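**Q** In case you want the letters, here they are:
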Amino acid sequence: MSKNTYITDGGGSGRNAIVDEGGYLRVQSSFIPPDDDRDLKVVYRNFLTLDGDGTTNSMLVDGSTTSQTFYIQAEPNSDIYITTISFFIQADGLTLGNDFAGNGTLLTNGCRLYYEDKNGEINVGTNLDSNFSFVRLCQGNAPFGNDTFAFIKNAGVPAIFPNLNFKKVFGFNQGLKLLSGTNNKLILEINDDLSTGLGTNPAFNVLVFGFKIIKE
Amino acid sequence: MATISKISNGEGEKRLVSVETGGYVKVQQSEYPPNDGRDLQIIYRNFLTLNNDGTTTSMLVDGSTTSQLFYIQSDPVNDIYITSLSIIIQANGISLGQDFAGDTTGLVNGFRVYYEDKNGEINIGTDLTTNFDFIRLCQGNPAFGTDSATNNDAFIIPNLSTGGAKGKNPADGIIPVLDINTIFGFEYGLKLFRGTNNRLVFEINDDLTTGLGVDAGMNVIAYGFERKFE
Numbered sequence: 001m002s003k004n005t006y007i008t009d010g011g012g013s014g015r016n017a018i019v020d021e022g023g024y025l026r027v028q029s030s031f032i033p034p035d036d037d038r039d040l041k042v043v044y045r046n047f048l049t050l051d052g053d054g055t056t057n058s059m060l061v062d063g064s065t066t067s068q069t070f071y072i073q074a075e076p077n078s079d080i081y082i083t084t085i086s087f088f089i090q091a092d093g094l095t096l097g098n099d100f101a102g103n104g105t106l107l108t109n110g111c112r113l114y115y116e117d118k119n120g121e122i123n124v125g126t127n128l129d130s131n132f133s134f135v136r137l138c139q140g141n142a143p144f145g146n147d148t149f150a151f152i153k154n155a156g157v158p159a160i161f162p163n164l165n166f167k168k169v170f171g172f173n174q175g176l177k178l179l180s181g182t183n184n185k186l187i188l189e190i191n192d193d194l195s196t197g198l199g200t201n202p203a204f205n206v207l208v209f210g211f212k213i214i215k216e
Numbered sequence: 217m218a219t220i221s222k223i224s225n226g227e228g229e230k231r232l233v234s235v236e237t238g239g240y241v242k243v244q245q246s247e248y249p250p251n252d253g254r255d256l257q258i259i260y261r262n263f264l265t266l267n268n269d270g271t272t273t274s275m276l277v278d279g280s281t282t283s284q285l286f287y288i289q290s291d292p293v294n295d296i297y298i299t300s301l302s303i304i305i306q307a308n309g310i311s312l313g314q315d316f317a318g319d320t321t322g323l324v325n326g327f328r329v330y331y332e333d334k335n336g337e338i339n340i341g342t343d344l345t346t347n348f349d350f351i352r353l354c355q356g357n358p359a360f361g362t363d364s365a366t367n368n369d370a371f372i373i374p375n376l377s378t379g380g381a382k383g384k385n386p387a388d389g390i391i392p393v394l395d396i397n398t399i400f401g402f403e404y405g406l407k408l409f410r411g412t413n414n415r416l417v418f419e420i421n422d423d424l425t426t427g428l429g430v431d432a433g434m435n436v437i438a439y440g441f442e443r444k445f446e
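Protein sequences appear in the order of chains U and A. Take the first sequence: its letters are residues 1 to 216, numbered as in the numbering used here. Take the second sequence: its letters are residues 217 to 446, numbered as in the numbering used here.
Isolated chain A (complex conformation):
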């Protein structure tokens, strides 16, 4: 036989917890964060690098014969939660038409963005052949700028490097941000489990060492946090 317990107020006035229609316990969320002195959450911010070498951030490599992989990998001790990815693609003449980094054609094979966990390789984006494909993958985040009869400036930022200027002069670029929570519904972000080979990968399948616009550049920064364990 079960014992019936009423949850009572531990301090002051005599009050009991209410259970509503449907069996819901009424709770009230604190506006303050918990007083938790364990310090188990650490900022995580890293570039994706070639074969995770920790150094090579420029993605302007030749992946046309052998695919080239830029990635971050799980940590041996802490879980990593990736909350957002910041992508920069820049070049003279960059546009949201049929173009990748000023090549004025778009890529033949395109990028693949995926992650690996014990469920295998899970695609986040495939056939990313143009600047606009990255903007769409990120669902237009952040949204800024406008097109006009004379200039197409929506989503294009000027002055990303010396010599840049509004109006598609050298080194204008796009800066889409993939928000994992908003787009995919992962409350804490995408998890790379500690002590595994989990990784987040940008796969390059074209030759990006040639044919792009002047002052071309591309890199990706992953943002999120590490969750420590006691």
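Chain U with its partners taken away, still in its complex shape:
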């Protein structure tokens, strides 16, 4: 046996909540945050590092024989939510044509960006064999410049620094989660020899932004 219930204003106005056509309950969100003093959310910012060593962030390594992986990993006590990734590729002569870091051609195998959770290895981007591949993966964010210099910072050593926004590109409203107490990882895999053949003054690294939720 069930009974019908009205949601009534607790302030004594006598107003009842309205249910619209289709069975939708009308709701209205507060524009101010709740009064929650637990302080459980902290900024997260780290480079992807070689084998997660926490130190080696330069990706100019030889992955042609054995793939080299740069990653961040889940933490024991805090969930990590990755909201954005900043890629940085620089070299003299860098272009958005057939070029990776000024080598004047495409990488043979290309980089792979993926994460690991209990669903296995999930690809975020594959065959990233050129500067433009990274710009496209990031859907042209941030857009600047014109023509030959579109997306390229030319001052000093020319560089691109596209940013992957997980909310905008993939619809992950809180970002990509690395579950605490697991081996979840976010990985950039190098499958070519980036230790040679690039333009002068080359550099390649990846910075991850987001937040951590500390478990109570």
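It is possible that some hints are incorrect.
Simulated coverage check for chain A against chain U, where a stretch passes if three residues somewhere in it have a Cβ under 8 Å from a Cβ of chain U [said to hold, decoys possible]:
#1 228-238
#2 258-271
#3 302-308
#4 323-335
#5 429-439
No more than 20 Å apart at the CA atoms, straight line, and that leaves these computed lysine-lysine pairs for PhoX-like [as the list claims (entries may be wrong)]:
#6 U:Lys-215 to U:Lys-177
#7 U:Lys-212 to U:Lys-185
#8 A:Lys-242 to A:Lys-230
#9 A:Lys-230 to U:Lys-3
#10 A:Lys-334 to U:Lys-215
#11 U:Lys-185 to U:Lys-167
#12 U:Lys-215 to U:Lys-167
#13 A:Lys-242 to A:Lys-222
#14 U:Lys-3 to A:Lys-444
#15 U:Lys-118 to U:Lys-177
#16 U:Lys-177 to U:Lys-167
#17 A:Lys-222 to U:Lys-212
Simulated from the structure, these hints should not be mistaken for lab results. These figures come from a predicted structure and were not determined experimentally. Ideal placement from N, C-alpha and C gives every residue a C-beta, glycine not left out.
Using the hints, position chain A against chain U.
**A** Just chain A now, with coordinates in the frame of chain U:
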């Protein structure tokens, strides 16, 4: 034993709230803000100042021997939510190459941006030694301008002070903005809890009183809101 209740329409036609597959209650978001007369949200906008003195906004100080701290601090009564930081660095000859404010080399130690709460010191940006490091920290926001074969104008704004002109004349500058929600996923921004020592800090670890370009300048404004309590 639980009582089963069906949520009914409080006015007019007889309707019941639907619960969908998966147990989701169907709701419909109003396009109007709530009629909330409490006025608990107040605009917050402040410069970061030296030791939070409320006055000294210019960051051109000597932090090479003792680090110098520019910060805003929590309020005794209201929570502060920082939604964005506006950074200005200007100087004759400023560029996105190896340069900080026209010094043409970049800093030796660099800035550190961090905040403090009960979790300790949390870094937002470290080793910020060049103009470009700030642009990257802000992920190219706002993105404007273009480089060319003769001029490198991407992210560089002219005429920040008298005498400025397009083409790296005195006081061209960069104006990156750090959007806390977009970059770090903090829906309401970074919170400085009321009644604590929470603070947001720019730490200077180099001597910025000398060696920079003509008309050099740097300051940071924090934007957001205060959340009052009844």
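**Q** Each hint should be assessed against the structure and marked as holding or not.
**A** Right, here's what the structure says about each hint:
For a cut-off of 8 Å, the count of residues in the segment 228-238 of chain A with a CB near a CB of chain U stands at 5, and the three-residue condition holds. With a cut-off of 8 Å between beta carbons, the segment 258-271 of chain A has 0 residues touching chain U; three or more are needed, and the interface restraint is violated. For the segment 302-308 of chain A, the stated coverage by chain U is not satisfied: 0 residues place a CB nearer than 8 Å to a CB of that chain, which falls below the threshold of 3. Chain U is given as covering the segment 323-335 of chain A, and this holds because 4 residues of the stretch bring a CB closer than 8 Å to a CB of that chain, at least three being needed.
With 0 residues having a beta carbon nearer than 8 Å to a beta carbon of chain U, the segment 429-439 of chain A misses the requirement of three or more and the stated coverage is violated. At roughly 14 Å between alpha-carbon atoms, Lys-215 of chain U and Lys-177 of chain U fall within 20 Å of each other, so this suggested pair holds. About 14 Å separates the Cα atoms of Lys-212 of chain U and Lys-185 of chain U, which keeps this hinted pair within 20 Å; it holds. This hinted pair checks out: Lys-242 of chain A and Lys-230 of chain A have alpha carbons roughly 16 Å apart, not beyond 20 Å.
Restraint check for Lys-230 of chain A and Lys-3 of chain U: satisfied, since their Cα atoms lie roughly 14 Å apart, inside the 20 Å limit. Only pairs whose Cα atoms come within 20 Å are accepted, and Lys-334 of chain A paired with Lys-215 of chain U is accepted, the gap being roughly 14 Å. Between Lys-185 of chain U and Lys-167 of chain U, the direct Cα distance comes to roughly 18 Å. Compliance with the 20 Å bound is thereby established for this hinted pair. Between Lys-215 of chain U and Lys-167 of chain U the CA atoms are separated by roughly 23 Å; this puts the pair beyond 20 Å, and the hint is violated.
In summary, the hint linking Lys-242 of chain A to Lys-222 of chain A is supported, as the alpha carbons are separated by about 13 Å, within the 20 Å threshold. With a CA separation close to 40 Å, the supplied pair Lys-3 of chain U and Lys-444 of chain A exceeds the 20 Å bound. Proposed proximity of Lys-118 of chain U and Lys-177 of chain U is supported: the alpha carbons are some 12 Å apart, at most 20 Å. For the hint pairing Lys-177 of chain U with Lys-167 of chain U, the CA-to-CA distance comes to about 12 Å; that is within 20 Å, so the pair holds.
Simply put, Lys-222 of chain A and Lys-212 of chain U have alpha-carbon atoms about 38 Å apart, too far for the 20 Å limit, and the pair is violated.
Checked against the numbered hints above, the structure violates hints 2, 3, 5, 12, 14 and 17; every other hint is satisfied.
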